[in-house]
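Given chain W, work out where chain H should sit, using these hints.
Chains W and H, in that order, are what the protein sequence lines are.
Residue numbering for the first sequence follows UniProt numbering, starting at 1 and increasing by one per position.
Residue numbering for the second sequence follows UniProt numbering, starting at 1 and increasing by one per position.
Just so you know, not all the hints are guaranteed correct.
[As the list claims (entries may be wrong)] Here are some of the chain H residues that sit facing chain W, going by a computed Cβ distance under 10 Å:
#1 31
#2 185
#3 265
#4 280
#5 304
#6 325
[To be verified] Label pairs and their computed distance ranges (CB to CB):
#7 W:94 <-> H:392: 52 to 60 Å
#8 W:360 <-> H:269: 34 to 42 Å
#9 H:107 <-> W:240: 51 to 59 Å
#10 H:35 <-> W:249: 46 to 54 Å
#11 W:96 <-> H:35: 16 to 24 Å
#12 W:361 <-> H:173: 53 to 61 Å
#13 H:35 <-> W:363: 36 to 44 Å
#14 H:93 <-> W:34: 14 to 22 Å
#15 H:161 <-> W:38: 43 to 51 Å
Treat the hints as calculated values from the structure; they're not laboratory data.
Glycine is no exception: its CB is placed at the ideal position from the N, C-alpha and C atoms.
Number of protein chains: 2
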Amino acid sequence: MSLDPVLAHIDSDLSAATERLMELLRIPSISTDPAYKGDCQTAADWLVADLNSIGIKAEKRVTPGHPMVVGHVEGEGPHLLFYGHYDVQPVDPLNLWDRDPFDPAIEDTAKGKVIRGRGTADDKGQLMTFVEACRAWKKVNGTLPCKITFFFEGEEESGSPSLVPFMKDHAEELKADIALICDTGLFGEETPAIVTTLRGMMSDEITITGPTRDLHSGMYGGIAMNPIRVLSKVLAALHDDEGRITVPDFYEGVPEIAPEIMAQWEALGFDETAFLGEVGLSKPAGEQDRSGLEMIWSRPTCEVNGIWGGYTGTGFKTVLPSEAHAKISFRLVGQQDPHKIRENFRKFVSDLLPEDVKVTFKTHGASFASQMETSDPIFEKARLALSDEWPREAAYVGSGGSIPIAGHFKKILDMDSMLIGFGKDDDGLHSPNEKYDLNSFHSGIRSWARVLDALTR
Amino acid sequence: MSLDPVLAHIDSDLSAATERLMELLRIPSISTDPAYKGDCQTAADWLVADLNSIGIKAEKRVTPGHPMVVGHVEGEGPHLLFYGHYDVQPVDPLNLWDRDPFDPAIEDTAKGKVIRGRGTADDKGQLMTFVEACRAWKKVNGTLPCKITFFFEGEEESGSPSLVPFMKDHAEELKADIALICDTGLFGEETPAIVTTLRGMMSDEITITGPTRDLHSGMYGGIAMNPIRVLSKVLAALHDDEGRITVPDFYEGVPEIAPEIMAQWEALGFDETAFLGEVGLSKPAGEQDRSGLEMIWSRPTCEVNGIWGGYTGTGFKTVLPSEAHAKISFRLVGQQDPHKIRENFRKFVSDLLPEDVKVTFKTHGASFASQMETSDPIFEKARLALSDEWPREAAYVGSGGSIPIAGHFKKILDMDSMLIGFGKDDDGLHSPNEKYDLNSFHSGIRSWARVLDALTR
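For reference, chain W alone in the conformation it holds in the complex (with noise of 0.2 Å):
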């Protein structure tokens, strides 16, 4: 079995394959929003029928939520699982993108075409890279070239509610060599990466209840107790003066970067305030003794992604509110544990509270960090076949997300993950204007032929 056929084959496929990628982006599957119930099932059901396509036998799998895809092939030599997600983020702001979120297109750019659209990046243009990788070679071989086990979940944007379970009633079915997972980026515009560490995260939700109504602020205004003034208090008493997160215990289990990774990192030349201004930004708000780097792939945060109480709407309204509400999340490092960390933040605000007023909590994700086996030598195998495809050399980094997967692969299966991804910084993963450059889907679909190529040689 031969590489250059393959991408050969993939170079002359491309317009088909951007085709069926713009199928499965007009699915809108947001798994966090019950009204897309009916879409998540038709975005599972595009990719069992997707995959049955090329051979692979696949099958969509009832959960207590959104259906999971599991398809497989057989074959010689190591047993790959390949991992991606089909559910995307929510859109809002929609007044914010330029084009319904749900109608991809090609886009020329300053910077050169992209597909524009929620998902694009984050996962299904980065899933279908593998796909394609997959149909190309078969198309070319006949066959593929070892044994794949293909899992894609839709519930990742939502908390991954059933995942455990599943892949616990299901650890034989699903258990291989190594998981191979494309939910990552490039390191800049043209270095490969391979993520070695991964963050874990700990989110919760509050809500601070005050008066029992919602009150007129002309006749309580000074005496009753406002809970939006009590949810200040709280979320800024979560960062000291110097950005340090304050909850009691936190930086339990947060390692020192060996020097010798330190070494490397510094050696990427990451620039924070190029990063930073593309942004808008110009000083980074992390803790004042770290690095850029170090805040962005190696220290724990702690972030409000939300917060709501009162009267939002146009003009004024006088109210003080019964409730206010706030989404909160930590990303976590090394061995911080993310339940030890939800009971010491919830006691935290607990104890911030006035006496006569109640907070109660919502429980959503909880994870720990990952760092990866990279002595495996199929690491370093596929650093090579990846640096053969890009201008720059593929480097091992560090990662500010959390792909909680990679943990629940490692507990439940036994079984490292290798992370493999081509987004770039400004895909405004999560954001408006959602993109996926053209090239890290076509570089990425022969980025993973090549990386086929070189675990099965």
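Just chain H now, kept in the frame of chain W:
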């Protein structure tokens, strides 16, 4: 002209009067929301027609915003102006209403019959107490007891942008010997009250912008400044631990209440535990060295009336938002200058921002506090007339609310105001399930008949 037959007619006509009020309540005249512009016109038309039906020459007057309604009836004796507003507050959160806010009904409650619906107490029900008193007087006596000008506005709940220009343009037409304003409440359940101090108000909206677009907190969390974090710091800094407001020079012009007034207030037996307990609270939230009555009547306040930013929908979205917003109002007393306070507040906010975070402000209302001229003997006449109607003697009281109209009458028309109203603490002004006691409506109508009699005898 005799009072008793008028009171008897009011009693026998109560059910028809209630039905008239219901008609007005069914018109959703929410002034702050442009979607209800046509309904504000409809409410004004309804009032014009109703005044005309009593023989009062009334007209709708165009303004750049919602129309004014002005009516005149000639007569001997003092010239009175009656002011009310036909616009109402928004109704959200709609899910907390037990019925359609604009489908009013009489409901039986443990405390007696109430009229339930938006605007029942603020201010349509109150406004109609005076109109119904006039209707009864006219019916019984064939004529009203004195010269009366009726002046209804439709922008009271949205900062009254057209009011001052309209009053300046029509000063001669509107000037009377005294203004009667029905937009306040009883003291407790049974004590009629004439409000002699009103708080002023300064309201502002702030938008804090961090990054130029919404970001993925996995990629940017930790390094990019989150505007919700900044907003929380700003709002948390507005009060110190003792409940004092920290905006520089904020307390300039705040007077101490005269000992004799304070003694009278103490005699009212305000039960702050019961007042707070009714809304599920126990601890006064204002300046800790002040009494509860001072907090709501004579001390200035700062309340956040609305806050929003990031993802506020179902589920979770790990966004690091570009913007965070808050609506903030200050209730003012004595000689506090709303314009100076706006300036100091904005500087206070700006000074707290990190260098690369921006803030923009949107101006809402500004009004000075008012102090009524109770030495005018008509105040004592009215107080005695009210005492005749209700179980307890009428009191001169303070008010936490801001009724800027009284200040405008004084400043523009050099006309004093007398504030008499029949609302109760549990009416739920600006809240879901707003109500007006049927007895407030009935005895309110009777009260105005008595006041008209007392002022013109």
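Within 46 to 54 Å: is that where the Cβ-Cβ distance between residue 35 (chain H) and residue 249 (chain W) falls? holds, 50 Å
Is 53 to 61 Å respected by the C-beta to C-beta distance linking residue 361 (chain W) and residue 173 (chain H)? holds, 59 Å
Cβ distance range 43 to 51 Å for residue 161 (chain H) and residue 38 (chain W), holds or violated: holds, 46 Å
Is the distance from the Cβ of residue 107 (chain H) to the Cβ of residue 240 (chain W) consistent with 51 to 59 Å? holds, 52 Å
Answer holds if the nearest beta-carbon of chain W is closer than 10 Å to that of residue 31 (chain H); otherwise answer violated. holds, 8 Å
So, residue 185 (chain H) near chain W? Judge it on the closest CB pair being under 10 Å. Given a least distance of 8 Å, the restraint on residue 185 (chain H) holds.
Taking 36 to 44 Å as the stated bounds, is the beta-carbon spacing between residue 35 (chain H) and residue 363 (chain W) within them? holds, 37 Å
Return the status of the interface hint for residue 265 (chain H): holds when the least beta-carbon distance to chain W is below 10 Å, violated otherwise. violated, 14 Å
Starting from the range 52 to 60 Å, see whether the pair residue 94 (chain W) and residue 392 (chain H) falls in it by beta-carbon distance. Holds - the Cβ-Cβ distance for residue 94 (chain W) and residue 392 (chain H), about 56 Å, lies within 52 to 60 Å.
Interface hint status, residue 325 (chain H) versus chain W (Cβ within 10 Å): holds, 7 Å
That 14 to 22 Å hint for residue 93 (chain H) and residue 34 (chain W) (C-beta), does it hold up? holds, 19 Å
Chain W contact restraint on residue 280 (chain H) - CB to CB distance below 10 Å: With a minimum Cβ separation of about 4 Å from chain W (threshold 10 Å), the hint on residue 280 (chain H) holds.
Violated hint: 3 only; the structure is consistent with all others.
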